[in-house]
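K.L.:
If you're matching them up, the sequences are chains A and B in order. So that you can map any letter, position 150 of the first sequence is 150 in the working numbering, and since no number is skipped, the others follow by simple counting. So that you can map any letter, position 1 of the second sequence is 1001 in the working numbering, and since no number is skipped, the others follow by simple counting.
Since the hints were derived computationally from the structure, they do not count as laboratory data. All C-beta atoms, glycine included, are put in the ideal place defined by N, C-alpha and C. Worth double-checking, as some hints may not be accurate.
[Claimed, not checked] Below, simulated DSS-like cross-link-like pairs (lysine-lysine); rule was C-alpha separation at most 25 Å, straight line:
1. A:K121 to A:K100
2. A:K121 to B:K1211
3. A:K120 to B:K1211
[Claimed, not checked] Restraint ranges, calculated between C-beta atoms of paired labels, are given here:
4. B:N1189 to A:G310: 24 to 30 Å
5. B:S1081 to A:G152: 44 to 50 Å
6. A:G84 to B:E1006: 51 to 57 Å
7. A:G310 to B:G1129: 46 to 52 Å
[Stated by the list, open to error] A few chain A positions that, by computed beta-carbon distances, are all more than 10 Å from chain B:
8. Y45
9. G84
10. E125
11. A129
12. A131
13. G152
14. V154
15. S159
16. E313
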Amino acid sequence: MPTTTPDIAPITGRVELFRSCLVSTQYPGVEAATKWLFEQLDVEYIVNSDQTCCTGLGYYTDVVSFPTTVAVAARNACVAVEAGHPIQAYLCSTCYAINKKARDVLEEPEQRRRTNDVLKKVGREYDDAVASTVRHHHVLEVLWSRHPSIRGLVRRRLSGLKVATHPACHYCKVFPDEVLGDGEDLMLPEDLLEPTGVEKTGYYPEKGTHCGAGFRQRFVNPGMSMAVTREKLRRLAEQGVDVCVHMCPNCHIQFDRFHDVISQTAGEDYPFVHLHVQQLLALALGADPDKVCGVEAHSQNLEPLLERIGARERVSVAVVDGSAAG
Amino acid sequence: MIGLPERAELDQAAAAQEVGAAVSGTSADQPSNPYATLAANAFASPAGDDSGLLARILSDPRMQHHAGGLLSCLQCGICTSGCPAARFGDFSPREISRRALLGDPTLLTDDSVWLCCYCYTCQSRCPRGNSVAVINQIIRGMQVESGYGLKHVALFTAWTEEFYATGLGGWPRQLLDAIADAWGDRWWNLVEHLDEMRDELGVGSLYPSEKAMGELRAIMDETGSRERLQAAEAQPRA
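Bound conformation, chain B alone:
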């Protein structure tokens, strides 16, 4: 269910970034020191990758400039220090990097990777050239392919439907309508008059040519996007 945050929720998120709050992610009845866990595992050898997950991540083409960076991750935490999802949510890119190095198979059923904003701050600041943003893309993709992550993408199947039908992405109306009430009259004016505005601006048709759309559908069929869409549509939404 999509809803706009109340003032209290904004304040709560702002408070979560205070020093101390960031490391109190565990529940009150299970006090733990995250640094102790880290120290116990930080120097474990990647050679212990029994799950094959590390090898799978390292061989992904998206890691082409980052595989060496992951292998040489020194757990400095600069990724987490700049991460908006760590600051305003319960997420740690440093932990993702550590667990990826260990080939930790529980990453494939970990919902926290879905908090990443894909802002790439971790990647751009990493002194080793690692990219947790990319690792998250790989793990989310694996979760979708295994079926576990379908609940997280079910809401966005409208995007694929629209793209397949029109060759145009954009945020689908189904998504925007759920949050746009707060945007007021000027938003609804745009929705109603987009075509007239585009005419006045002389920017032509919204959609690509029929030829382009035909080629696009063939590419999506050939690369399995249709199957992915159908699997996601069969899922209840998270």
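Looking at chain A on its own, in the form it has when it is part of the complex:
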């Protein structure tokens, strides 16, 4: 299956890897794998300890008001520009959407004035210089901008591994015009993995259905929440996939942590696992499953997959280029 994701110019240098609360507390290996890939692909980046969480979970559980969220986003943009790394690269699709929404709202003079009245208390201003400098990208877009380099870096071929995408709603549906590709049939994750030899799934029934988490719904209406997740698991099982790849940690929680619970409750077998795109790509490029991908944090047992793709054996550059073993 040929790639359909549009090519973009390399997003070069000056990236701030925008830390995610859910990645940090649930799947820290997603952050580590992303950093590892950035280093492999020569992306110049920093992690900025002056950046705070985007408020996404608080905003979408309705305990945090929109003016707070906009002011936090404006402050984070100021911080990124101040540090000279204004390309905010998001690990989480909700961070991505929240910050882009604030970007648009801050283009309205009255909203910007109100927000700057707040920022004045902390000695900051979201002015034209910040607005015209800060950029917002999902991490996968940064990686895609370097995709021609990936083929030469593959150390573990994933031939025969069938991969399907769970498209993150807050990447695909909040700013559909800014999606790299078709938001109703996102191929960016599978296209990124294409050089590793995976078998791509492409479109499947329920591909656009959300993960089921629904922010509050996972906790308040678990029946509705998990019924959605179950539908998706069934459809993925019908496709015979080996791995469902994710691009948002909240989706990843819903699938990884509830996969076996729903399987047992429903009495149905869903014989596949969940990984972040960056984790599977890093594994294919030779990363250590524990020290780089942090698989210990997952609820599913990933060992059979890791064995199958040879990730439990050490790899060296020699595997590919034929030079003396290192």
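Keeping the supplied structure of chain A fixed, place chain B upon it in accordance with the hints.
P.N.:
Just chain B now, kept in the frame of chain A:
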């Protein structure tokens, strides 16, 4: 009370998406045809917005790209056709859009808006550029501010507390503990060993700098998040 669904509950939710079930939301002793109600009201003029609610929604900054979409909503129902809360629960984004256009003040005491999953499927598919996901955010916010909706957010005050204290969001332990029993040993291994795992992965401290946390608290104080938190904490939980 948080609990995991039983098999029967999952099956019930799956059955609810069958054709026919979706329009039988009313109780048996009050048979009604939702399409008749719709037909009677679908073409009512927004000019009848005596409550001011429509104007309030249209002027919200979050509607900046969607106000024209709401005003030109043609009740086609594509929002409802893709909505997971309509498919698996008793919710209709099309109805929310219609009532918003009418400035229907009962939206401010309607609990169904709390079923929205904020997946934005309605927004991304709307041929007019409307966003019921955003309208729901506005209405929920108004419900919280009036006090009516505080019962719906009381469970999540732990999020604000944690954010205010640490500058880090994430799902608070109080919430996760209630559902995590089913997640088994591997989950508790993560809870116990997160710091060691993070050390091994070289991802640094969980928390932002002291400077960032100080600025964050000042922003939250200035934008009223503290008051919102305190009001919600004083509420019994729904």
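K.L.:
State for each hint whether it applies.
P.N.:
Here's how the hints hold up against the structure:
Between the alpha carbons of K121 of chain A and K100 of chain A the distance comes to roughly 23 Å, so the proposed pair stays at or under 25 Å and holds. Between K121 of chain A and K1211 of chain B the alpha-carbon distance is near 13 Å, which keeps this suggested pair within the 25 Å criterion. Of the pairs offered as hints, the one joining K120 of chain A and K1211 of chain B holds, with about 15 Å between alpha carbons and a cut-off of 25 Å not exceeded. Between N1189 of chain B and G310 of chain A, the C-beta spacing of about 25 Å keeps the proposed range 24 to 30 Å intact.
At roughly 45 Å, the beta-carbon separation of S1081 of chain B and G152 of chain A lies within the given 44 to 50 Å, and the hint holds. Judged by the Cβ atoms, the range 51 to 57 Å given for G84 of chain A and E1006 of chain B holds: they are separated by roughly 55 Å. Taken as a hint, the range 46 to 52 Å holds for the pair G310 of chain A and G1129 of chain B, whose Cβ atoms sit roughly 49 Å apart. Remark: the non-interface label on Y45 of chain A is consistent with the geometry, its nearest Cβ contact in chain B lying 13 Å away (cut-off 10 Å).
A cut-off of 10 Å between C-beta atoms confirms that G84 of chain A is not in contact with chain B; the least separation is 17 Å. Taking the minimum C-beta to C-beta distance to chain B, about 13 Å, the non-interface status of E125 of chain A holds against the 10 Å cut. The claim that A129 of chain A lies off the interface holds: its Cβ sits roughly 19 Å from the closest Cβ of chain B, which is beyond the 10 Å cut-off. At roughly 15 Å from the closest C-beta of chain B, the C-beta of A131 of chain A stays outside 10 Å, upholding its exclusion from the interface.
Under the 10 Å C-beta cut-off, the non-interface status given to G152 of chain A relative to chain B holds; the minimum distance is some 25 Å. Annotated as non-interface, V154 of chain A keeps its C-beta farther than 10 Å from every C-beta of chain B; the closest such distance is 22 Å. With a cut of 10 Å on Cβ distances, S159 of chain A stays outside the contact zone with chain B, its closest approach being about 28 Å. Taking the minimum C-beta to C-beta distance to chain B, about 20 Å, the non-interface status of E313 of chain A holds against the 10 Å cut.
Of the hints listed earlier, there is not a single one the structure fails to meet.
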